[in-house]
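Same order as they appear, the protein sequences are chains A and B.
With this note's numbering, the residue at position 27 of the first sequence is 27, and numbering never jumps.
With this note's numbering, the residue at position 65 of the second sequence is 65, and numbering never jumps.
One or more hints might be untrue.
So the derived label-pair ranges between C-beta atoms look like this [claimed, not checked]:
#, chain 1, residue 1, chain 2, residue 2, range
1, A, Glu185, B, Ser93, 48 to 56 Å
2, A, Val50, B, Gln118, 24 to 32 Å
3, B, Met201, A, Pro58, 52 to 60 Å
4, A, Arg47, B, Phe222, 46 to 54 Å
Calculated from the structure, these hints are not laboratory results.
As the structure is a computational prediction, the values presented were derived from the model and not from experiment.
From the three backbone atoms N, C-alpha and C, an ideal C-beta is built for every residue, glycine too.
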Amino acid sequence: MKLLHFPVPVGMACLAIFSRVGHASMFLAATLAALAKPPHYFREFARALVSIGYNSIPIVGLTTLFTGGALALQVFSGGSRLNAEAAVPSIVAIGMVRELGPVLCGLMIAGRVGSAIAAEVATMRVTDQIDALKTLSTNPLNYLVAPRVAAATLVLPMLTAVGDVVGILGGYLVGTTRLGFSSSEYLGTTVRYLESGDIVSGLAKGAMFGFIVAVCGCYCGLNAGKGARGVGAATTRSVATASILIIAANFVMTELFF
Amino acid sequence: MPDRQCIEVDNLRKSFGASLVLDDVSLQVDRGNSLVVIGESGSGKSVLLKCMLGLLTPDSGSVVVEGNSVATHRESFLDRCGVLFQGGALFDSIPVWQNVAFRRLHGSGRLSARQARQLGEEKLERVGLDRQVANLFPIELSGGMQKRVALARAIACNPDYLFFDEPTAGLDPIRSNDISALISDVASDMKVTTVTVTHDMGCVRAVASGIMMLRQGRISWFGDLDEFDKASNRYVARFSGSAQCAIDENGNLGKNMD
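Isolated chain B (complex conformation):
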């Protein structure tokens, strides 16, 4: 079913100096699916995401989207992507509405300032923010509001693919759940293919249709949410509710401690 597999990553390797960060990573994401990549800090999740987006050049291996290599078709691929970065990555020097409508102000399919502002305000409303926020600068917003604005920017041009890098990092549990629910809602509403990097289990459960665990640059587990809860893999167990799990010497899940 080649037409279903819209993102294919083959044997990806990436190192920085002597440090091997991604070691022979291969995966597929089917159209409309939501892959969540989990793993401990430094396991190579964000590097994998940036390699998939073509922001980092892998040492070897390939990323192919709908039959086209990202290495050679990066610009056209990015035109169809929305990305939410870990810290929001909003531009400090311009107001919120210009951040949201940035691509329509400066990139392809340019709109007039008035139309771009209208688009910005609509997308802000879509992510649960008041239109008055449009005139503020990113520095004037709370962390949760910045994440919402970044999400509004990511969906502003109705992308086919959404990438989220630690979308709930730095937020309290309530805000974190709000953002996770919002991402899930937006993704299903827009019928987009999403890849999310996180280690927030609430986010995993809210958005994942497939889960991949990275450990020391390698895929250590792959499955769906049901399999995830029953997995005997030691590291998956740690993520999915570890405190109640006994793990034997081989890393296999034993009986519940209580």
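Isolated chain A (complex conformation):
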């Protein structure tokens, strides 16, 4: 008899999932409409550019610098078993530009910026500031969401480019000081095998990851529960969701650019 009740919780769970996906899809559509349709708040956009982009340069730089150095060591270690040590500069460059640069940037920004966006918007929600915006004839999607999404989508490719350069620099430093490469040999090999398609695919990934981070932050913030606990939960959910989506989107985009 209990078996007959089994479909009920399954059905309820499916309905809950569809409801959430539907809700998120509607938010996404409304965000895209807010991006396209005025009013546009350029001061908010500029503020978001600084907080998402400029202020994130140190964290992105440090992360990619060490990752580039570690990658050079790992590739050298693995390559030496195949007599392919000479490929270290090109593999570091291609690996950083196509994969590690954008993914690391995306994940670091999800942690630093996505959480900040979610916490700020969630705090605004629990303190009635979102309702206050509506009563002041201002659409929160136009004022809060669109500037952050636009700024993150625009600035992440730039941060990715910075991360790529610094990551390659990390590999260069390790290659020339620890692995016996000369400076000209390392840089020559790096440039020779790096194609423009590698750079474009990495930057496109960066733009997509920026979009994901900002949308997740805003969505989780706007749908936060009550009180400090609601703000904390929204922040955690934003980082976790954005990180998973970045990893998934990275696979899909890698497949597209393969």
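Let chain A serve as the given structure and place chain B on it in line with the hints.
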């Protein structure tokens, strides 16, 4: 006298999940009158206010302002409203003068920054604050000053309707009386229709022309200030000076205990 009744709420019901918060609430507010909604915490006062403003969608029932449903004319209604939220709901990231003149900076009837600043300073003076406060950020203000700034923001665009959600919550009795007197003064000066949600009796006596008591989502009493002081309703008695009142088993007011 249909033209006198400018806000009409009919059979409003609102629930959150299984919890019924408003149950068949109907009321009218005449033009220029000041309705105060009282009731214990969790009785549905703030939900009623948000339904009246169109910030929450009721399960059933309607809110009609001057013959137009708020559900379909929310934006035009909100253009004519000023709202003071419980915690002030000031925007942390912008200075006080931008908070006050927010609608004129971002909404309809935009002013230049200079004109908006002048408007902000004038409204700050109107609520008893020094013009120098204009440059501060909300976080730098005391609770009472934040309430005054929120009131300045609410009246900045000369609204026809003012809504106050717990305007004296969190203030000491002196500040609370100041804010109540200020609200009364501003409302009579501007000849606006006001709806106030509070459980502060000082505020009730300062601003009310009509009083409605909500209990468990239903209207349990309605009348004016004179009737309020003489009411035999048990819960009204509790609000109006309860300690001196004896209440019989049926909830009726008996003789004074002293």
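Hints versus structure:
no. : hint                           : in the structure
1   : A/Glu185 / B/Ser93: 48 to 56 Å : 51 Å, holds
2   : A/Val50 / B/Gln118: 24 to 32 Å : 28 Å, holds
3   : B/Met201 / A/Pro58: 52 to 60 Å : 55 Å, holds
4   : A/Arg47 / B/Phe222: 46 to 54 Å : 48 Å, holds
Going down the numbered hints, you'll see the structure goes against none, and every one checks out.
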